[in-house]
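Line by line, the protein sequences give chains A and B. Taking our numbering, I'd label the letters of the first sequence as residues 14 to 255. Taking our numbering, I'd label the letters of the second sequence as residues 177 to 574.
Worth flagging that the hints you see were computed from the coordinates, not collected in a lab. Every value quoted in this text rests on a predicted model; they were computed, and no experiment measured them. From the three backbone atoms N, C-alpha and C, an ideal C-beta is built for every residue, glycine too. Fair warning: there could be bad hints in the mix.
Here are the simulated distance ranges between beta carbons [as the list claims (entries may be wrong)]: (1) A59/A to D492/B: 31 to 41 Å; (2) L354/B to H27/A: 48 to 58 Å; (3) H27/A to L355/B: 48 to 58 Å; (4) A59/A to W359/B: 12 to 22 Å; (5) G33/A to S531/B: 34 to 44 Å; (6) K213/A to R420/B: 29 to 39 Å; (7) A407/B to G33/A: 14 to 24 Å; (8) H386/B to G33/A: 19 to 29 Å.
Output of the computed footprint for chain A on chain B, the stretches with three or more beta carbons under 8 Å from beta carbons of chain A [claimed, not checked]: (9) 340-348; (10) 390-396.
Not close to chain B: a few residues of chain A, all C-beta gaps over 10 Å, as computed [stated by the list, open to error]: (11) P18; (12) R20; (13) S36; (14) A56; (15) G74; (16) D128; (17) A163; (18) R171; (19) Q194; (20) L219; (21) N220.
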Amino acid sequence: MSGSPIRVFVVDDHPLVRSGVRSELEGRVDVVGTAGDVDEAAAGIAAAWPDVVLVDVHMPGGGGAELIRRVLGAAGGPAASGAEGPAPAGAGGAAASGAEGPAPAPRFLALSVSDAAEDVISVIRAGARGYLTKTVSGAELAEAIGRVAAGDAVFSPRLAGFVLDAFAGALPPPSDPELDQLTARERDVLRLIARGYAYKEVARRLNLSVKTVETHVSSVLRKLQLSSRHELSRWATERRLV
Amino acid sequence: MSVRAPRPAARLTRRRDGRWVAGVCNGLAAALGVPVGALRAVVAVLAFGNLPAVALLYALAWAFLPPESDDAGSASWPGDPVDAVAVLAVVVGAVLILGQFTAWLPAQVVGPAVVAIVGAGLAWGWGGWRERFRPLIVAVGVSLVIIGGGAALAAVGDLRSIGRSAAGAAVLTAGAVLLLGPWMARLARNLADERRQRIRSEERAEVAAHLHDGVLQTLALIQKRAGDDKAVRSLARRQERELRTWLYGQRNGNGDGSAATVATLLRRELDDVEDRYGVRLDAVLVGDAPLDDAGRALVAAGREAALNAARHAGVDTVDVYLEVEPDRVSLFVRDRGRGFDPAAVPPDRRGVADSISARVRRHGGTAEVRSAPGEGAEVELSVPRAPARVERVEEKPR
Numbered sequence: 014m015s016g017s018p019i020r021v022f023v024v025d026d027h028p029l030v031r032s033g034v035r036s037e038l039e040g041r042v043d044v045v046g047t048a049g050d051v052d053e054a055a056a057g058i059a060a061a062w063p064d065v066v067l068v069d070v071h072m073p074g075g076g077g078a079e080l081i082r083r084v085l086g087a088a089g090g091p092a093a094s095g096a097e098g099p100a101p102a103g104a105g106g107a108a109a110s111g112a113e114g115p116a117p118a119p120r121f122l123a124l125s126v127s128d129a130a131e132d133v134i135s136v137i138r139a140g141a142r143g144y145l146t147k148t149v150s151g152a153e154l155a156e157a158i159g160r161v162a163a164g165d166a167v168f169s170p171r172l173a174g175f176v177l178d179a180f181a182g183a184l185p186p187p188s189d190p191e192l193d194q195l196t197a198r199e200r201d202v203l204r205l206i207a208r209g210y211a212y213k214e215v216a217r218r219l220n221l222s223v224k225t226v227e228t229h230v231s232s233v234l235r236k237l238q239l240s241s242r243h244e245l246s247r248w249a250t251e252r253r254l255v
Numbered sequence: 177m178s179v180r181a182p183r184p185a186a187r188l189t190r191r192r193d194g195r196w197v198a199g200v201c202n203g204l205a206a207a208l209g210v211p212v213g214a215l216r217a218v219v220a221v222l223a224f225g226n227l228p229a230v231a232l233l234y235a236l237a238w239a240f241l242p243p244e245s246d247d248a249g250s251a252s253w254p255g256d257p258v259d260a261v262a263v264l265a266v267v268v269g270a271v272l273i274l275g276q277f278t279a280w281l282p283a284q285v286v287g288p289a290v291v292a293i294v295g296a297g298l299a300w301g302w303g304g305w306r307e308r309f310r311p312l313i314v315a316v317g318v319s320l321v322i323i324g325g326g327a328a329l330a331a332v333g334d335l336r337s338i339g340r341s342a343a344g345a346a347v348l349t350a351g352a353v354l355l356l357g358p359w360m361a362r363l364a365r366n367l368a369d370e371r372r373q374r375i376r377s378e379e380r381a382e383v384a385a386h387l388h389d390g391v392l393q394t395l396a397l398i399q400k401r402a403g404d405d406k407a408v409r410s411l412a413r414r415q416e417r418e419l420r421t422w423l424y425g426q427r428n429g430n431g432d433g434s435a436a437t438v439a440t441l442l443r444r445e446l447d448d449v450e451d452r453y454g455v456r457l458d459a460v461l462v463g464d465a466p467l468d469d470a471g472r473a474l475v476a477a478g479r480e481a482a483l484n485a486a487r488h489a490g491v492d493t494v495d496v497y498l499e500v501e502p503d504r505v506s507l508f509v510r511d512r513g514r515g516f517d518p519a520a521v522p523p524d525r526r527g528v529a530d531s532i533s534a535r536v537r538r539h540g541g542t543a544e545v546r547s548a549p550g551e552g553a554e555v556e557l558s559v560p561r562a563p564a565r566v567e568r569v570e571e572k573p574r
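Same shape as in the complex, but just chain B:
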């Protein structure tokens, strides 16, 4: 969590972390690049001069500034209950003050108005608090608004005539709802349907695009090169891999080409070997670990082992198994090919010794080659893991 990290070109948002009321000052300060304390002081001074105006501005800012993008976003408007209460407190305070200072708003209006505003706040703000309390709270809020509003109006005018016109308005509203309700409901339903359909067709377009770019092209290539056994197999395998990646969302590194973990790096190296030699490398990977030097050496050695198997074993498939344990990472490369006698490899053919064993030994690991003529071969590699060290190394650059 990089709370303190300065954000380049911050958007104007409300910031939740470290806010006092609803995060308006905090967000504004972040966007302007000024210390939030200073901004708050300025706002406080302004408020001292003209509280209602500042409060109104604050409420408007709260309503229109989007919350910081990493939480639910604008979909959750009007924000969470704490925000609503905070803003309401500010607005109510402003109204109270306004009532004190203006002659045309007597105290007996201010009281019910406060009740009404709190009610509205309950209805709009707290509605989102807990889904199952929503109807209750909305009902309470609405009745508070009606009571408060009625009391306020009663204080200034003739309740009877207001009641009559209110009844008229209610009848009109009920009529409108009766007439237009079904139509509105249908409209809403249609809109939802339309949206769902659009999402579905977008999905279909994406699938079609993928199938076209990848699968159909590959099938065309395969037909064209039907005589070339090896090429066909390798094309099919590559396409299979791509499709699987796409279907099952397999994570293949960071997108920028750098692998972040042992497993992703290994997978990429194996894919490369597969593409070059047309063998199938059946990899089973258990666990994963952040990539460190030992992990890199292990994968590099594993790649050499897989290359050797692909080149010399004379088989179609090679099994690869990676297991990450708390204290070590092990990698096995096994083929059922022609095999060889490890003791009989002449010393001048140092391929295995150098590129496989030495790499992992340098990192405190072990390498073992098991093979006999006609019995295939298995290379067993293992490097120790130092979890604490790995994490420290990762965090230092920040």
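The following block holds chain A by itself, in its conformation from the complex:
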């Protein structure tokens, strides 16, 4: 990363988790603040304006999805979270975390013990750039934070599995093929991630550059966030799989 360490804000209603994450990230990133509920977090994030927010899915006051919506809503919609798309051209110049101009909106990385599909899908659709379970190691977490800070998406094997499941089967014709279907390549990438491959390993396996893998994953994330594919939500509520 460019010189200064990434500034991270940790939101979790369990003090034990907050201090645990803080100590695990010690020396890897700069933890600029923590909060235990949605209101406190919204105020803290507005004040500290970090690069990345680690957010718990279940919290008093509406949970992670509510916090993301509130912060990104104040910052000018989810487009400012780094999702490609009709982003206003002046919104911080995409991922280039330049020194001038308004600082880009914080990016969110969901961190949870819940593996329930509806939690995962709802927090991603609110605008989170990735989803990790709390069992990840400090090193993995720091790497994921770096990736999210750079505007990329972070898919755990579990999330990749959810997406494959949600987009599986083309029973009803998709209303927007661009958004409602995965390309064969995206499917390949997701499969390997679901099998436990890191991005680097995926790239080697498919003879792609890591950058291309990241592009594919970001594109899947965008589909996940914007697709109107109604099965997505129905599926998430029906399939309460772990």
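Start from chain A and add chain B according to the hints.
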């Protein structure tokens, strides 16, 4: 749907499928184990002899027999509109006949009485038809009852005196409602509150019981064995799994211990491996399929692969990925452990070859082991799927 399947020890219920009127005969026949046609014939003959009595009995049976348990149940009394209309038709018919044959019930009473009964039927039976029409229909029904009743009474007596006493009754009723209404409303509200509270406390008791039986016991065990790293991890993992199952209602087979699908069987085998070896198997399962021989072989091979990884790779976690596609089922077991050179495995160590590859090959599948020293290992298994065949096999025994 096993419509024709004979039910052992059927309860006395009304049966909706194949009913003529309200399902009374149908249910009775099912409970007695006699053909429904014969029963209907007997009822028809009896009705020919004494229709009002039979009709009354029928109406009573309709009112008191619970509907078949698989629909909404007794909560939806007085049944659906078709039932109500059917029963009403019977009762009205009976009253008409009664009016014909008894001297004290002249024809000008029978007519309005029919109107009144239809009105009552509208109020009680059709009320449940569509929630939003309910008030309208109840109002129409009640006015029909009042008109019909008034006309009937007018036919037999002095309308003025009846009107006066009716007014008196109305005033009394209004007074009673004014006096008692708020109290009744409060009582109803309290009852609802009480019920909600009871449900909540029952839920809390269930949570407490679960936490006590599972989580607290495990925490106690963990404290006792704090020195034993591996045991603690495995205890915590097992408890985590149990809690997740309980929280998210994950389906783990049929309860009787038999797994019905590939995913449930795989999950159970993986849980078993986790318990034995204290590794964490991170499983991602996409899709599911009914269990057939190929699926069983695949899961068995996957279990061997996971066991190998747990025993030899020297890692804490192993990734497992199952994907069910329309034409095949694939299973991947991957570790980042020490790895090995697949070509260098001596032929006498046939573990991998026999228990993994041969199992899936026997079912037309493929097995591939990818590994290199220091680079972990991945076992890739796949069996073809024949959906049509699978379903036929499933249905044959019935």
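Evaluated hints:
With their beta carbons about 40 Å apart, A59/A and D492/B fall inside the hinted range of 31 to 41 Å. Our hint of 48 to 58 Å for L354/B and H27/A holds, since their Cβ atoms are close to 55 Å apart. Take H27/A and L355/B: their Cβ atoms lie about 55 Å apart, and the range 48 to 58 Å holds. The hinted range of 12 to 22 Å is not satisfied by A59/A and W359/B, whose Cβ atoms lie roughly 53 Å apart.
Between G33/A and S531/B the beta carbons are some 41 Å apart, a value that agrees with the proposed interval 34 to 44 Å. About 30 Å separates the C-beta atoms of K213/A and R420/B, a value consistent with the hinted range of 29 to 39 Å. Between A407/B and G33/A the C-beta distance comes to about 22 Å, which sits within the given range of 14 to 24 Å. Roughly 26 Å separates the CB atoms of H386/B and G33/A, a value that falls within the hinted 19 to 29 Å.
Counting residues of the stretch 340-348 of chain B whose beta-carbon sits less than 8 Å from any beta-carbon of chain A gives 0, not enough to reach three: the coverage restraint is violated. Coverage of a stretch by a chain is defined here by at least three residues with a beta carbon nearer than 8 Å to that chain's beta carbons; for the stretch 390-396 of chain B and chain A the count is 0, and the condition is violated. Every CB of chain B lies more than 10 Å from the CB of P18/A, the least distance being 27 Å, so the non-interface label holds. For R20/A, the non-interface assignment is confirmed: its Cβ lies about 30 Å from the closest Cβ of chain B, beyond the 10 Å cut-off.
The non-interface label for S36/A is consistent with chain B: the shortest C-beta to C-beta separation is roughly 20 Å, beyond 10 Å. With a least CB separation of 31 Å from chain B, A56/A remains clear of the 10 Å interface cut-off, as annotated. The beta carbon of G74/A sits about 21 Å from the closest Cβ of chain B, which is more than 10 Å, so the claim that it is off the interface holds. Its beta-carbon lying about 7 Å from the closest one in chain B, D128/A breaks the requirement of being farther than 10 Å from that chain.
Under the 10 Å C-beta cut-off, the non-interface status given to A163/A relative to chain B holds; the minimum distance is some 24 Å. Look at R171/A: its CB is around 6 Å from the nearest CB on chain B, not clear of 10 Å, so calling it non-interface is violated. For Q194/A, the condition that its CB be more than 10 Å from all CB atoms of chain B holds, with the nearest at approximately 16 Å. The Cβ of L219/A lies farther than 10 Å from every Cβ of chain B, with a closest approach of about 14 Å, so its non-interface assignment holds.
No Cβ of chain B comes within 10 Å of the Cβ of N220/A; the nearest lies about 16 Å off, and the non-interface call holds.
When held up to the earlier numbered hints, the structure conflicts with 4, 9, 10, 16, 18 and fits the remainder.
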